Amino acid sequence: MSVAEPLIAAHGLVKRFGDFTAVAGIDLEVRAGEAFGFLGPNGAGKSSTMRMIGCVSPPTGGTLRVLGMDPVRAGSAIRARLGVCPQQDSLDPELTVRENLIVYARYFGIPRKVARQRADELIEFVQLTERADDTVEPLSGGMKRRLTIARALVNEPAIVLLDEPTTGLDPQARHLVWERLFQLKQRGVTLVLTTHYMDEAEQLCDRLVVMDGGKIVAEGSPRQLIERYSTREVVELRFAEAALDTYVGKLEGIGERLELLPDRILLYAADGDLAVAAVADRALRPSSVLVRRSGLEDVFLHLTGRTLVD
Amino acid sequence: MIRPTYAVFEHQLVAYRRTWRGSVLSSFLLPVLFLLAMGFTVGGYVDRAGGLSVRYVDFIAPGLLASTALQIAVGESTWPVYSGFKWHRMYHAMQATPVRVTDMVRGHIGYVLLRVGLSAAGFLVVMGLFGTLHSAWAPAALPVAVLVGLATAAPVFAYSASISTEGLFAVLLRVAVIPMTLFAGVFFPVGSLPLWARILAYVSPLWHGVELSRAATLGTATAWGVWAHLGYLAVWSVVGYLLATHRFRRRLAD
Ligand SMILES: Nc1ncnc2c1ncn2[C@@H]1O[C@H](COP(=O)(O)OP(=O)(O)O)[C@@H](O)[C@H]1O
Ligand SMILES: [Mg+2]
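Those protein sequence lines, which keep their order, are chains S and X.
Its first residue numbered 1, the first sequence is counted upward by one per residue in the numbering used here.
Its first residue numbered 1, the second sequence is counted upward by one per residue in the numbering used here.
Just so you know, these hints were derived from the structure itself, not from any lab.
Among the clues, some could well be false.
Distance ranges between label pairs, derived from CB positions [to be verified]:
| hint | chain 1 | residue 1 | chain 2 | residue 2 | range |
| --- | --- | --- | --- | --- | --- |
| 1 | X | Val239 | S | Gly33 | 37 to 43 Å |
| 2 | S | Phe20 | X | Pro143 | 56 to 62 Å |
| 3 | S | Ala32 | X | Val24 | 51 to 57 Å |
| 4 | X | Leu29 | S | Ala132 | 31 to 37 Å |
Just so we're clear, the structure is a prediction, and the values are computed from it rather than from any experiment.
C-beta: ideal position from N, C-alpha, C; glycine also.
The following block holds chain S by itself, in its conformation from the complex:
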């Protein structure tokens, strides 16, 4: 594999389950040292894509190369150099934290002594030292997730695949995971992650693709995407007096774009305060007004007409 060749390259990648197309022809490249994200709602095809990259699910069409190899023919050799944190936990609940890591390391043919040493280092890295000799069963969701991430690192992988690493965690547990992932990123580990949390994508990803209905609808860095598909600021308006849709016409012309959501109206404008002033000029009385910067959520809304997390 040459230096310039991307670690992951997909062209026209397709995954079908029977008649159903989960991934409908996507192109992407991930380069060494990048933190690459798939942002999209449930059912977008993120996991299906990750499982093809992880060489556990053969592509139905298109081409895919991982670490310069063909996943169908060299699956085992590729998997030897991947670290995978699947969407659904697959830890052995009867074993201890430490045993889970050692047992998994042995799957990669790592000698017992090295496995023990790495297990200790990784337990410390994910801050589970106090629970190292406890069985996994009673651990919290966040701890299990951190252990799964530690497990994905046990073979010192060239690429770490993380499928929704923080879904279902409370904010505190989520921040702890982000912190660890950020450290990995700083060490130059290539990360590929999926998420439907825009803040996660914004914080962790150098570059990401927005996926919807099995297709990639946009690609770029979080900042590029926001610049390209949204305005600098957003005004969130709520009205208590009448049905929201009656305000759509009344707000026309303010800002560049308007989105009607079930509980609020979003006005996209370069300058939020100016837009708020314009609303006041029209004698409309919103029950609440919030001016904020655009985020990936707004990008997604613009691209698909839907919100990411319902």
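Since the structure of chain S is already known, use the hints to place chain X with the ligands on it.
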């Protein structure tokens, strides 16, 4: 390549190190108690009636050895395998590593056979202590028990990898395991069964194991000849193994 296969085996050993105490009761003490109770109480009546050419305890001991192998093989190939796909997802974890399906099946069955072998060895020692071993071939009953384990574990692996509801384990027990235990010659000679039931006994892997086991500990001849019984158990093993890898692949593919 043995390495990933061995890693799968080792995983089970690590788990066994935590749970072996609990399994001593079911996989050693209970079978032994059963042998003593049946052999020396029921045996007293049977021996007085004089229907058998050997003591009843000598007759059922090798049969119980084979049926213990069957029980352990089935027990270790049902829930643990099912859970590996459905709950703990152990096989899914392995799938993301260099471990291949053949490694999963071989490594895990290898562990099941170790469990069968350990129990069978303990059982054989008890048989020796109670004077039920009457042939120099008696140690051969151990590999026979392991072969019975393989001939039943392999197809049960395939079964457990195919079903999607636990309720179907009860079906396996009622339709295959319990009838086999009762009618495959463990407690009485199959010759006393009606023809249709005898045919079912001949089809079951257990009857062949019982024949071999009895031949080993009593030094008697088998019904069809040693090689025929060994060959039949080998067929169950090989077909079961091929089915198991096929079903594992199916289950993990999507
Ligand atoms: N094994 C499967 N069989 C059938 N349909 C599947 C399978 N896996 C996923 N799908 C379907 O494919 C679509 C994409 O799923 P997935 O890749 O899991 O999306 P995401 O991870 O973005 O939520 C969903 O509609 C899902 O129901
Ligand atoms: Mg998913």
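Do the hints match the structure? See the list:
1. X:Val239 / S:Gly33: 37 to 43 Å: violated, 50 Å
2. S:Phe20 / X:Pro143: 56 to 62 Å: violated, 50 Å
3. S:Ala32 / X:Val24: 51 to 57 Å: holds, 53 Å
4. X:Leu29 / S:Ala132: 31 to 37 Å: holds, 34 Å
Of the numbered hints given earlier, the model fails hints 1, 2; all others are met.
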